[in-house]
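**Student:** Sequence:
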Amino acid sequence: MSIAQEFKAFISGGNVVDLAVGVVIGASFGKIVTAVVDKLIMPVVGLLTGGVDLSGMKIVLQAADEASKKAEVAIGYGDVLAASLNFVIVGFVLFMVVKAYNKVRTPAAPAAPAGPSQEELLAEIRDLLKQAR
-9 MSIAQEFKAF ISGGNVVDLA VGVVIGASFG KIVTAVVDKL IMPVVGLLTG
41 GVDLSGMKIV LQAADEASKK AEVAIGYGDV LAASLNFVIV GFVLFMVVKA
91 YNKVRTPAAP AAPAGPSQEE LLAEIRDLLK QAR
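Residues in the sequence shown are numbered consecutively from -9, following my numbering.
Honestly, the hints are just simulated from the structure, not real lab data. Heads up, some of the hints might be wrong.
Below, computed lysine-lysine pairings styled on DSS-like, alpha-carbon distance capped at 25 Å [as the list claims (entries may be wrong)]: (1) 59 - 21; (2) 29 - 48; (3) 89 - 21; (4) 48 - 59.
These numbers come from a predicted model, not from an experiment.
Taking the hints into account, I'd like the entire structure generated from these sequences.
**Tutor:** Structural data, given as structure tokens:
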């Protein structure tokens, strides 16, 4: 089998295709969650905190100095807060998806115990008939 044929068999296998679809859907879902957090949730949180834009919140360690052309050094905890909220939302949604999947997926029914064979049944009937005489 040539390399091209092996690669084709590998790519057309279910696991690789499923993984690729999962990655694409996950990336799109991540963009949706980011938009929801940035455009819907954070403005409401900002409104509740007095109109403060939380994504721009930072602790300035060193102010910018234009004379010496030093850039501002700051810890942007607002962005960390937004990313943490993204993580919690994605984690919760994934938890709910896995929970629903596990609920829908039913375990295989246990195999029925094997009954006696035809010969064993005939022998049992024979023995019962002998006892009845």
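**Student:** Now tell me if each hint is right for this structure.
**Tutor:** A quick look at each hint next to the structure:
1. 59 - 21: violated, 36 Å
2. 29 - 48: holds, 19 Å
3. 89 - 21: Given pair residue 89, residue 21 holds - Cα atoms ~23 Å apart, limit 25 Å.
4. 48 - 59: At roughly 20 Å apart (the allowed maximum being 25 Å), residue 59 and residue 48 satisfy the hint.
The earlier numbered hint that this structure contradicts is number 1, and it is the only one.
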